[in-house]
Amino acid sequence: KAGVTQTPRYLIKTRGQQVTLSCSPISGHRSVSWYQQTPGQGLQFLFEYFSETQRNKGNFPGRFSGRQFSNSRSEMNVSTLELGDSALYLCASRFSTSGANVLTFGAGSRLTVL
Amino acid sequence: AQSVTQLGSHVSVSEGALVLLRCNYSSSVPPYLFWYVQYPNQGLQLLLKYTSAATLVKGINGFEAEFKKSETSFHLTKPSAHMSDAAEYFCAVSDGGFTGGGNKLTFGTGTQLKVEL
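Those protein sequences? They're chains A and B, same order as listed. Heads up, the first sequence is in the numbering used here, so the first residue is 31 and it goes up one at a time. Heads up, the second sequence is in the numbering used here, so the first residue is 54 and it goes up one at a time.
Rather than coming from a laboratory, the hints here were simulated on the basis of the structure. Glycine residues also receive a C-beta, built at the ideal position from the N, C-alpha and C atoms. It is possible that some hints are incorrect.
Distance windows between CB atoms, simulated [claimed, not checked]:
no.	chain 1	residue 1	chain 2	residue 2	range
1	B	133	A	100	44 to 50 Å
2	B	107	A	116	37 to 43 Å
3	A	100	B	125	39 to 45 Å
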C-alpha cells in the first residue's frame, strides 16, 4: 500500500511569509504526527493529531499550527516565517496513538527561508 | 520526562566489520524503543523496535538490538557492515501513551555511520 505522502517536497519562502505543508497518511492510519529536523536541534516533535483532535504538542511557538481532516489527511502551517524555520518537516502516521504503534515517516518537506 | 543519548555522532567502520551504535535512554515508565535509519534526502525508516517482548530484537538488513534494563541501553549492532549501511541512525524512545493521551517519540541526536572499503 502507498506510504506517507508529503507535499511539496521542496519549497523556498522569504521571511514574513507563511507556508502550508500537506501530509496524506497511510490508508487506515488515523494518527498523524509532525516533526521538525534541523542540523542544530535535531528531530523535534511538533504535534500529533488523532481523529481531527490535537492530542499532543511540542514546545514550539504559536506560529506553528496544524489540523487534521476527517479523511485523516493533515496540514501544518507556519506563519510569519523566520530564517530559523528552515528545516526538513517530517510527517509520520500510525494506526493509533499507542506508543507501541510504529510511526511510518514520509520523505519530508524541505523548507528554505530566505 | 524521557530522553535518549547516542554516544558518538560519527562512527566509521570497515566493510565487513562489526557495527555498534550506542543508545542509552531515560524514562520514568516502561519504554518503547526504536531505531530508525535515514538516507540522504529521505525520511526515516524503521529498523527495529522494542515493545517489552523479547529483549533481543531483530530488525531489517541484518541489524539487531538488545534491551538491557539494568544498563538503560538499547545498542544497535550488525555483524558485518556493508557499504549500503552508510546512513544516519537515530534511536528513539516513547512512553507508550500510558497517560491516555497522545504520546511522542523523543529522538537522539543521531549517529552518522561511514563504511570504508
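A quick look at each hint next to the structure:
| no. | hint | in the structure |
| --- | --- | --- |
| 1 | B:133 to A:100: 44 to 50 Å | holds, 48 Å |
| 2 | B:107 to A:116: 37 to 43 Å | holds, 41 Å |
| 3 | A:100 to B:125: 39 to 45 Å | holds, 41 Å |
Of the hints listed earlier, there is not a single one the structure fails to meet.
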